[in-house]
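**Student:** When you get a sec, could you build the whole thing from the sequences and use the hints?
Protein sequence lines, in the order shown, are assigned to chains A and B. At position 20 of the first sequence (counting the first as 1) the number is 20 in the working numbering, and the numbers step up by one without a gap. At position 456 of the second sequence (counting the first as 1) the number is 456 in the working numbering, and the numbers step up by one without a gap.
Calculated from the structure, these hints are not laboratory results. These numbers come from a predicted model, not from an experiment. Misleading hints may appear alongside valid ones.
[To be verified] To be clear about the criterion: a stretch of chain B counts as covered by chain A if any three or more of its residues have a C-beta under 8 Å from a C-beta of chain A, and this derived list gives those stretches:
1. 63–76
2. 82–90
3. 124–137
4. 469–483
5. 570–580
6. 626–633
7. 677–690
Each residue gets a CB set at the ideal place from its N, CA and C atoms; glycine is no exception.
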Amino acid sequence: MQYGMIIDLERCVGCHACTIACKAEWEVPVEFYRNWVFRMGPSLVGNEMTSTYYPGLCNHCTEPVCVPECPADPVDMTFTNFKTGETTTMEVAATWKDPFDGTVQIDKDRCIGCGACVDACPYNARYINPALVDDASEDGKADKCTYCKPRVEAGFDPACVQTCITNARIFGDLDDPNSEVAKYVTKGARGIEPKGGQLGPNSRYYGKKKDMTLLFNSHTPELADLAQVRRRAMLASMVKPAMKKIKNLGLLGIVGALMAKELLEQEDRNKAEPLS
Amino acid sequence: MAFNITRRKFLQSASLAAVALPLSGALASESGITRSPLEPKGSLQDETVVGGVCEMCFWRCQLVGKTRGDRLVKLEGNPKSIDNGSAICARGNAGIQLLYDPDRLKYPLKNVGERGKPKWKRISWEEALDECGSKLKAVQDKYGPQGLCMFPHGSTAKYPMHFMERTLGTHNVSEASFFQCRGIRDMAYMATMGMPPGEFVDMPNAKVIFLLGGHFGENIHVSHIKQYIQGLQNGAKLIVVDPRYSASAAKSDIWVKIKPGTDTAFLLAIMNYLVSKNKYDAEFVEEYGQGFDEFKEGIKDWSLEKAAKECDIPAAQIKEVADMLAANAPNVSIHPGRHVSWYGNDFQRQRSLACLTGLLGAYFVKGGWVPGKEPKVGKTSWAKKEHDGEHNLNLNADEESIYPYSPPGTPTELIRDAALTGKPYPIKGCVIWGQNPIQTIPGQEKMKEVLQQMDFVMCVDVMPTDATMWADILLPEVSYLERHDLVKTGTQWNFADKHQQYITARMPLVAPMFERKDQVYITNEIARRMGYEKDIPVQTVEELVEKDLSVANLTLAQLKQEGGIHLREGKDPYQMPEDFEILFFNEDIADAGFPGVPTYIPVEQGPAGYARLLYGRVPVHTFNRTQNNIWLNKAMPDNPVWLNDQAAAKMGLKDGDVVGFINQDGIKSRTTTVVKTTPGIRADSVYMAHGYGSANPLMSVGVDAGVDDTSLITKITVDPETGAHGMRNNFVKLTRDGKIIDIPAAV
Numbered sequence: 001m002q003y004g005m006i007i008d009l010e011r012c013v014g015c016h017a018c019t020i021a022c023k024a025e026w027e028v029p030v031e032f033y034r035n036w037v038f039r040m041g042p043s044l045v046g047n048e049m050t051s052t053y054y055p056g057l058c059n060h061c062t063e064p065v066c067v068p069e070c071p072a073d074p075v076d077m078t079f080t081n082f083k084t085g086e087t088t089t090m091e092v093a094a095t096w097k098d099p100f101d102g103t104v105q106i107d108k109d110r111c112i113g114c115g116a117c118v119d120a121c122p123y124n125a126r127y128i129n130p131a132l133v134d135d136a137s138e139d140g141k142a143d144k145c146t147y148c149k150p151r152v153e154a155g156f157d158p159a160c161v162q163t164c165i166t167n168a169r170i171f172g173d174l175d176d177p178n179s180e181v182a183k184y185v186t187k188g189a190r191g192i193e194p195k196g197g198q199l200g201p202n203s204r205y206y207g208k209k210k211d212m213t214l215l216f217n218s219h220t221p222e223l224a225d226l227a228q229v230r231r232r233a234m235l236a237s238m239v240k241p242a243m244k245k246i247k248n249l250g251l252l253g254i255v256g257a258l259m260a261k262e263l264l265e266q267e268d269r270n271k272a273e274p275l276s
Numbered sequence: 001m002a003f004n005i006t007r008r009k010f011l012q013s014a015s016l017a018a019v020a021l022p023l024s025g026a027l028a029s030e031s032g033i034t035r036s037p038l039e040p041k042g043s044l045q046d047e048t049v050v051g052g053v054c055e056m057c058f059w060r061c062q063l064v065g066k067t068r069g070d071r072l073v074k075l076e077g078n079p080k081s082i083d084n085g086s087a088i089c090a091r092g093n094a095g096i097q098l099l100y101d102p103d104r105l106k107y108p109l110k111n112v113g114e115r116g117k118p119k120w121k122r123i124s125w126e127e128a129l130d131e132c133g134s135k136l137k138a139v140q141d142k143y144g145p146q147g148l149c150m151f152p153h154g155s156t157a158k159y160p161m162h163f164m165e166r167t168l169g170t171h172n173v174s175e176a177s178f179f180q181c182r183g184i185r186d187m188a189y190m191a192t193m194g195m196p197p198g199e200f201v202d203m204p205n206a207k208v209i210f211l212l213g214g215h216f217g218e219n220i221h222v223s224h225i226k227q228y229i230q231g232l233q234n235g236a237k238l239i240v241v242d243p244r245y246s247a248s249a250a251k252s253d254i255w256v257k258i259k260p261g262t263d264t265a266f267l268l269a270i271m272n273y274l275v276s277k278n279k280y281d282a283e284f285v286e287e288y289g290q291g292f293d294e295f296k297e298g299i300k301d302w303s304l305e306k307a308a309k310e311c312d313i314p315a316a317q318i319k320e321v322a323d324m325l326a327a328n329a330p331n332v333s334i335h336p337g338r339h340v341s342w343y344g345n346d347f348q349r350q351r352s353l354a355c356l357t358g359l360l361g362a363y364f365v366k367g368g369w370v371p372g373k374e375p376k377v378g379k380t381s382w383a384k385k386e387h388d389g390e391h392n393l394n395l396n397a398d399e400e401s402i403y404p405y406s407p408p409g410t411p412t413e414l415i416r417d418a419a420l421t422g423k424p425y426p427i428k429g430c431v432i433w434g435q436n437p438i439q440t441i442p443g444q445e446k447m448k449e450v451l452q453q454m455d456f457v458m459c460v461d462v463m464p465t466d467a468t469m470w471a472d473i474l475l476p477e478v479s480y481l482e483r484h485d486l487v488k489t490g491t492q493w494n495f496a497d498k499h500q501q502y503i504t505a506r507m508p509l510v511a512p513m514f515e516r517k518d519q520v521y522i523t524n525e526i527a528r529r530m531g532y533e534k535d536i537p538v539q540t541v542e543e544l545v546e547k548d549l550s551v552a553n554l555t556l557a558q559l560k561q562e563g564g565i566h567l568r569e570g571k572d573p574y575q576m577p578e579d580f581e582i583l584f585f586n587e588d589i590a591d592a593g594f595p596g597v598p599t600y601i602p603v604e605q606g607p608a609g610y611a612r613l614l615y616g617r618v619p620v621h622t623f624n625r626t627q628n629n630i631w632l633n634k635a636m637p638d639n640p641v642w643l644n645d646q647a648a649a650k651m652g653l654k655d656g657d658v659v660g661f662i663n664q665d666g667i668k669s670r671t672t673t674v675v676k677t678t679p680g681i682r683a684d685s686v687y688m689a690h691g692y693g694s695a696n697p698l699m700s701v702g703v704d705a706g707v708d709d710t711s712l713i714t715k716i717t718v719d720p721e722t723g724a725h726g727m728r729n730n731f732v733k734l735t736r737d738g739k740i741i742d743i744p745a746a747v
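**Tutor:** This is the structure:
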């Protein structure tokens, strides 16, 4: 099973109902979003006047680039197929691709808020939610679209699909050839693959040729520089537990403060370093 | 005590601090699934409350609320709805941010500063109502009821408006929905085929959808958009006539990039072509038409070429449009439009649309103009009394109407001119209820002068607006989520489905907070203080709703039990009513001194270096009303000005450049916005979304966001038949870094 979402640009009117419903459903902080609608044009595609929308969200990629970047300590985790009850155990960090439904999820408890996955995602589909803090991270936690997993498992549509005023958003199992989403793929619905990437985005777009051209020309992203992402993640994974330890031991006296300062400066220096 | 509310102060106040906290953190887990407390819970476990009717705009989608404790956390479409279904738009979804907006009005306030520069003092309801009652009474005693005027908007304004009109007896009521929006449309269609047309086009079942200025996608009414998209999905061709490549133009088969103001010439040429080429529905016209010979004669000069020149579009395109309509008649949706107060020649254009629909035989047929057959409910309000026409500003000395096709109420300009001149009588008391006349009515400074010369101004609203700054007494109203209110009826959205009717009534989804009150309470208390106790028709708003429902043999309890919406069997909407007729030539219009056959009246063109200011909507805002909603503000925080890309290149402007405006009268915009360059707009026009640029600092989110288009509409045009405003006859240059930049006329 691989869940996916089709966005039919012939039906989409760019109304933003999806983005606001998501905010309400998942208490997304005002300044962040799990899904978005960008308007493009009017501009010329060839000789044709064109204007359409980019209603974006996490692509729950077949080969997600965000998942391998998570530096959190891996643990064994047992997954259950909510339809069949079948289970499987695998080792995952704080973010993973679900072996049964193909969605990409985050364990907020174990997320250290380093932002590696956020930086790795070429679609800007992840953000650090500063409202989510605990001992593992005082800076917030990574957050993103879950394809409304709790709703879907309870038999409901994702919130954005439910509120879509023109049924432009269609959710389902891409692996089921009889599903509406699979039929759209057969008709030509395409995901936005980053330049040079092979991620297999599972949120896909369908529309008139000129609209699709405008969308893909305007919003095909670059892959992130993973070397830089990793360096920052590594530092964060060193700094964060260290900071925690200092605090826990009540060592934040002069010595502790100096240690912490040094660690933070080291991180800042690395952030400021130009790309190699 | 001066009463100034800032967002920070509000958040600090203990009573509602919880509102600002993330819910998941504040509440213990209840679900069986073990989930991190860091994970938001989602709305599935929340209690569902039925009976909501949206008022983020005025389409009135049916809602359910999701509540957690005494707090509303989410709004959804009512799954029982046969209108919007489980879908609601961005604004509908953002309703909870209006409900809990820290800037909302909370207590009765008295202005202890100046009008326009208020200082607010919190007062008791008793004091506020005493003041309103005594001040309105004083105006009434000194100047007569005609000394009072009202600017109402929205469902709660109906009850107080009827008190003013029917009980007190002033004619001086001017609804923005009529005089700055759709009144011209309603009157023109009534003068053509006897009914106001609503937006009753059967788009799901049409073969062609024809939009004149309609920009669906930027303008959103849920069931209407469902109809439109269903029509397109069913294969309807889409014709969009607009100087701008609008959201609808982007889905069109034919985009007619018409010169602003010339629409009637375009329509006359289409009709003349259909008539002269015998491509109209002669049988339909024979059966239902009146005055066809005069009509035919009256439009005969409008060749395709003549219109092409006037409208600045190819003659071949006009022919293409006409042929497409004829080939698919009668299953064509000629959309009557909604906001039609454009150029001051609008009655004739709307008459043309109504006549074109008739020529195509497109009334009461599949895909044509088809009003659904709705169930009957009551209309409880203040009893109508006989008031003579003596002080009706719309009657001249000979008792003749100045604007014979005025929508109900009095044309705004007549009220304002009387107020400013004192002739024929002074107007010294003003009630503003749910309307924002500062940002709705052209001539902002004139409006301010009108308000300044009043003896008393009272405002009732849910939010601070630019208009509330002019109140002496400002009263906080409960929002649509906290009150009983109207009864709403309708049919299933697609006539191809089983015929059904629905009846619903707005019910509160949460209890009101602070000291907010509803319209029946406020109006009745003022009426008592003015000596009209015995005329009060209902004691509570629930009583009013129950009375209206009883006509349909329903009660609120039953509605609630039925999930908020009562459904019943519907009727075939396509059946032609008896005595239906279309007046192609209308003798009464001619007798009143106006063209009885639809006639094109050219509009004034702008001076060199200026472009015509066009405005429209964005899907996340309802004019100015939603500007302070934090979710909607973040979705579209300003209103970029659309500028033709070639003109922009000549002007040295690019996307994102910050600009202001100066209009033909030298009026400058108070704020700035950014440039959006595009080939998708004519070079003689610029465009921006309406409703931005609020000046009220109590709107801590929306203040100064973008530019207020209304502030630039200072040249006032009035449609001669109806007295309603035309608002697209103003011209602007751009300003940047203190310099004025001409807009090249031709590129």
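**Student:** If a hint holds in the structure, say so; if it doesn't, say that too.
**Tutor:** Verification of the hints:
1. 63–76: holds (count 4)
2. 82–90: That given contact holds, which follows from 6 residues of the stretch 82–90 of chain B lying within Cβ reach (below 8 Å) of chain A.
3. 124–137: The restraint on the stretch 124–137 of chain B is violated, since only 0 of its residues have a Cβ under 8 Å from chain A and three are required.
4. 469–483: violated (count 0)
5. 570–580: violated (count 0)
6. 626–633: Coverage by chain A holds for the stretch 626–633 of chain B (3 residues, Cβ < 8 Å).
7. 677–690: holds (count 4)
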